[in-house]
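Q: Sequence:
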Amino acid sequence: MAFRRLRSFLFLTLLLFLLLAGSVLLAHSLIQRPSVQEYLLNQLSEAVGYDIRANRMQLLLWKGVGIRAHDVEIGPPEGPKIFAASRVIITLSLQKLVRGRIVPTGLTLEGPQIDLAMPDSWEFTPSGDSAFPGDALLEAWVAFPYVTLEQARVTVKGMPLQTRALFIRLSRKSKSPVAFDVKLNGIILYDGEPVSLFAEGTVTADNTVGMSARITLKATGIPLS
Numbered sequence: 001m002a003f004r005r006l007r008s009f010l011f012l013t014l015l016l017f018l019l020l021a022g023s024v025l026l027a028h029s030l031i032q033r034p035s036v037q038e039y040l041l042n043q044l045s046e047a048v049g050y051d052i053r054a055n056r057m058q059l060l061l062w063k064g065v066g067i068r069a070h071d072v073e074i075g076p077p078e079g080p081k082i083f084a085a086s087r088v089i090i091t092l093s094l095q096k097l098v099r100g101r102i103v104p105t106g107l108t109l110e111g112p113q114i115d116l117a118m119p120d121s122w123e124f125t126p127s128g129d130s131a132f133p134g135d136a137l138l139e140a141w142v143a144f145p146y147v148t149l150e151q152a153r154v155t156v157k158g159m160p161l162q163t164r165a166l167f168i169r170l171s172r173k174s175k176s177p178v179a180f181d182v183k184l185n186g187i188i189l190y191d192g193e194p195v196s197l198f199a200e201g202t203v204t205a206d207n208t209v210g211m212s213a214r215i216t217l218k219a220t221g222i223p224l225s
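Heads up, the sequence shown is in my numbering, so the first residue is 1 and it goes up one at a time.
If you are wondering where the hints come from, they were derived from the structure by calculation, not from laboratory data.
Treat the hints with care, as some may be off.
[Claimed, not checked] The calculated DSS-like cross-link candidates involving lysine-lysine, where the alpha carbons are at most 25 Å apart (straight line), are:
hint, residue 1, residue 2
1, K183, K96
2, K96, K157
3, K218, K183
4, K173, K183
Only a predicted model underlies this, so the values are computations on that prediction, with no experimental measurement involved.
Could you build the full structure based on these sequences and the hints that come with them?
A: Below, the structure is given as structure tokens:
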């Protein structure tokens, strides 16, 4: 009797595994179709409130359910794009997905290149808030509870520094006003010299003062001359 129960249990387990594997293969096949990709992009655009476009998409089941998209552009329905990335991972809520809804829970940018041009009026106050360009970018990201930049490269026009292997994690605090908790670590090159960098704090954006940040910064290896 015990052997029969064990055999029935193993059979059901194998059957469930085959059904799951078949569903995954079917989903991988469906997501390659242009019509399915267009539907997913439209649903994602509706969920975040911004127009999302991509050339190629893949289903991901690593660290949750998500979509890897290539050559992604995000911007308002009418107007120029806010940012673009060659590779993006959009994590989805499995609970909502089972109910037939596409709800993004996270955004990961793999190897993004970010070029900043500081306006002449930009000022930095070490003991307080600092105005910082990029409020439109934060407003686009606020649709995601988490935003991660992996292996990011950032250059600032007019400044002798660039980053290497930078990791940035933004956790949404509020949608109105837009506010994120931020953690950052990596290597920056200042005049060609590597400097280890760690930072954490809060960035906010509103219609009156634009984007501002309150950051605690730690750096080691800064050249003295």
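Q: List, from low to high, the hint numbers that the structure doesn't satisfy.
A: Per hint list: 1 and 2 violated.
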